[in-house]
Amino acid sequence: MPDSRRFLDPRVLNRIDRLELKARLIVEGTVAGLHRSPFRGVSVEFAQHRQYVPGDDLRFLDWKVFARSDRYTIKQFEEETNLAAHIFLDASGSMEFTSASGGDEQITKFNYATWTAAALAHLALGQRDAVGLVLFDEHVRTVVPPAGGKNHYDALIHAIEGAKPSASTNPGKALLESANSIHRRGLVIVISDLLCDADETLRALRLMRARGHDVIVLRILDPAEVHFEFDRMTRFDDMEGPMQLLIDPRAIREAYLKEFKAHDERLMRGCVSDRTDIVRLTTDTPLDVGLTAYLGARLSRMRARA
Amino acid sequence: MFLHPLLAILGIGAVSVPVIIHLLNRRRFQIIRWGAMSFLLSAYKKTRRRLEMENLILLLLRALAVLLIGLGIARPRVSDDSPLVRIGDARRDVIIAIDASWSMAYRDGSARSFDRAIAEAKRILDSLKSERQDRATVILAKQRPVRLSASNIQNAKEVLSRTTDPSFESLDLATTLEMAASEADALAPEDKNGKRNAAESGSGVTLFFITDMQRSNFFPKTDRAPDASGAAATTSNPPASSPSASNPPAAPALTPMQAAAQSLAMRKVVMRIVDVGSNDNSPDNIGVTRIYSPEEFPATGLPVELKAAIHNFGSSPRANIVVNATVDGNRESPQPVESLAAGTEREVLFNLMFREPGDHTIEIYTEEDKLSPDDRRSFVLNVRPPMKVLLVDGAPTGEIETSPAGMLAMALAPPSEPIAATPFQIVGDQPVDRARFGSQPELLDQADAVVFANVEGLTDDQARRVRDYADAGGAVLFILGNKVDPNSYSLRMHAGDDPHQWIFPGLITGTQTRESRDMPPYRVANIEDPFPPHLRFFETPERRVFLTEIPVYTFLSIDVSPEDVRGGARVLARYNDAQLSPFFIVKDFGRGHVGVITTSVDLSPDQRWSRIADQPRTLLPLLFDGLHALSAGARENRNVQINHPLRAEARGFPRNVSVTDPGAHNEKIAVDEKKKTSGDRYPLEYIKTEKPGLYQFDIETAGGVGAVTSTSLKFAVGLDASEGDLSRASAESVGVTLPGLDVRVGGSIDPEAPVNPQNNKNNELWPVLIGSALGILILEALLATWFGRRRS
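Top line first, the protein sequences correspond to chains A and B.
The opening residue of the first sequence carries number 1 in this note's numbering; numbering runs sequentially from there.
The opening residue of the second sequence carries number 307 in this note's numbering; numbering runs sequentially from there.
It is worth saying that the hints were derived from the structure and are not from the lab.
Check the hints yourself; a few may be wrong.
[Claimed, not checked] Calculated pairs, EDC-like style, for lysine to aspartate or glutamate (alpha carbon to alpha carbon, straight line, at most 16 Å):
#: 1; chain 1: B; residue 1: 351; chain 2: A; residue 2: 138
#: 2; chain 1: B; residue 1: 352; chain 2: A; residue 2: 265
#: 3; chain 1: B; residue 1: 613; chain 2: B; residue 2: 651
#: 4; chain 1: A; residue 1: 261; chain 2: A; residue 2: 161
[Claimed, not checked] Stretch by stretch, here's where chain B covers chain A in the computed footprint (C-beta under 8 Å, at least three residues):
#: 5; segment: 220 to 234
#: 6; segment: 239 to 253
[Unchecked claim] If you want a taste of the chain A side facing chain B, the calculated C-beta under 10 Å gives, among others:
#: 7; residue: 92
#: 8; residue: 94
#: 9; residue: 97
#: 10; residue: 107
#: 11; residue: 151
#: 12; residue: 153
#: 13; residue: 154
#: 14; residue: 155
#: 15; residue: 193
#: 16; residue: 197
#: 17; residue: 256
#: 18; residue: 258
#: 19; residue: 262
#: 20; residue: 263
#: 21; residue: 266
Ideal placement from N, C-alpha and C gives every residue a C-beta, glycine not left out.
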């Protein structure tokens, strides 16, 4: 693994305190493995010339300079801020779950979600996109309107860092509540575990699509929630309520997985039919997956516009 | 039910262990704060019912396994009537005791009781399985029970096929049961010390007793004499005719039977009595139970009465029983018994006369009936030759009336009688005086007895000779008279440190005289109890008066000191004076006997030695019985019971001794030269008297130079007649006589039936319990795996 990609490992990132630093490392790690060109964007406003390196897109080769100086030069343009990314970050109680008992691996879903959100913000701002943030649980808790610039980034980081998970999840309700406040069409990124009623969530996502937003759902789950591999008597305490259940997990695993899969499939199917991107992440997944999904979506949106 | 009941309780308690473990497990859990609660809840709702069922099944299986193990450790045993006993079908230990008393020869139909007993024993053996490690011990039950085979079934079968006839013994049930108890010990497992004790481990043995249920076996006479000596050897007590079988005489102490029953019960032996006897409760049987001669000392030439007792053991009267007799092989005229009531006995009299001395064989028999062994009985009558008496006269006068010995010679051998008709012979045909007695020692060697009548005293030499004579078995009788010198007697015959060597059993202290003839004379009183044979004639009250017919005013009193008593002196009869002076003293001296009679001493002017001669009714019986009793040491018992030894003596070393038994089987007897007794006599003994009838000893001794003397001695061996009483004990009464023992009686007991709830080897359930517990645990593991697999 190249050095830059090391930081995509959640366990490594977990050792780093500052969220901005984490965000930068994630972005750099992600970008280092990709072609750079697409991210320079196609714009009218020329920025500079740069030496051609093998792998650059030949479309941006400045043929005139080549004719003149017999050197390969790449034309670079300043990107326009033409995209507004709305990050919906789930800060409900269930996001605080982690199956690991301690050490580097003790990464809650919310940790993972915040890192992803911060990295997205970093990346998007770096692309001169406007980034907004909605923190929600059952309701919308905090809203940071989309904007660009370094100061805005600090505000985003501050908002993310200040969030503490609590209350129950309802992304559908949060989306519906904030739908009217998002005027500018853009990219809606929902970072949540989506452990809630699938139909309601899908209805909200469909509404977002209907308003002309591109929707990316980053579904963050703990591996334990996916595989349910417990081997001893366990009392499950509800993170979002007072309920407790003492049970032998081995006995119930089969039924649980069935339930889980049914829910998962309904979400997947709903998203696919609405042309919503949905990516399921577990907290041990390298963090670039989320960013790549964003970049892919952005690129396709740019192309569609172009 | 349980060997360790406490463990059983613990085992039952252990059922709670899986439940407790389950509850503890529920308390040991991890807590996880969980987000995806909705999935969990709906999954839980869907599976809860099935999970609970599975868990319940597993819990029950575990509890059951623990319960079975717990109960198994407690070593449960099932009772024999429980169907569970088939589960614990384990080794069976059996002791078969077959009644082999001669009553089992009773023939009812084509087979004897004994044949049925053998068949029954074989049936029991056939029901055993050697592959199940069953064991069987076979005992022949009789007076002296015998173990035929131990433990091995095959061996037992072989032995039984060779056993065809019952013995001629009676049955001693108590001894048989004791033997069974020790056999039960032998079948018991060894304990830590390598000892076998069924009382501790509980043998679990079943004792099958196959018998004809004779009541006398179960309720034996406690006073049954093991043997009787003399002519009445075959006498036995007439069997009880009272039908109160269920009321045996209550004894304060434990009877041998009760003790045996207790010892069996202690070993947890279960007794099953198999009845192979007659259907009749009191089967008919006529038996010759006894033969005897009332004649104390039968001798040649004298009429001898012989009595045979015929007993009707049946329940109905019998008539016209013919009693036959043969004497020395010659038939006497039969004596009829016209009628014999049920349960009674009648004596039949035969008048006999013998010309020849020696052993005469007599057989009394009746017509053979269903029980034949007691239809014939043998008897040997030892007819003595005339006793040779040496009379030593202390005061010969030449006149019969005044000479003491002349008087005695007249009494013992009246000259008018033919020589063979008298039981006595005078050595040298007439009395001898002291001088001749001293000069002719060979006279003493010819005599069976010597009588010193009114002898003043003996010289040292004479005294020594008399001592040697008595020591060798001779009879010596002193009759004191007016010539007797007390000093001489005490010096020559009562001197020395050892009272056993005193030939005269006392010290003559002087004369005892009534002051006046007006006073009543001294009488003989105080006769020793039991009545001494020396005075047997006077035993009945009518004859007792004859003994005291002599008017005794003066007699020589004798002091029998404690020293004398220690030396063997016995006072048989005493006078009624103040000191209770002795009248008749006897003493055993070596092999012989010494007697002293001190009687009326006549101090009147005509100087007769004694007034005893005045009363022949006193003198004759006193002399006859006294001499016979004193010489009785040489008498041998010729009539014995089954299994009692025949004993005889040979004079001089026997070169060849053989015994012929009733079956004409001849056997040599070894004689141990070292066992020689005094007088060159060798004891002979024969112990295999297993059959009733006549036995004969043929003894060859070397006599003189190259000459061989042959002697024949005859013996009769008789059955225990009480065994002829076939009346049967009821099944209920058997429990009374064998208290505390698990007894059942039946005509044919199913040998396969589980019989012993106490059997520690058999009927054990623990292997089954532990085995099924293991099976359940395996099932539990499989089920748990399957359940687990379904969950994953």
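Checklist entry - Against the structure shown, which of the earlier numbered hints fail to hold, in ascending order? => result Of the numbered hints given earlier, those the structure breaks are 1, 2, 4, 10, 11, 12, 13, 14 and 21, listed in rising order.
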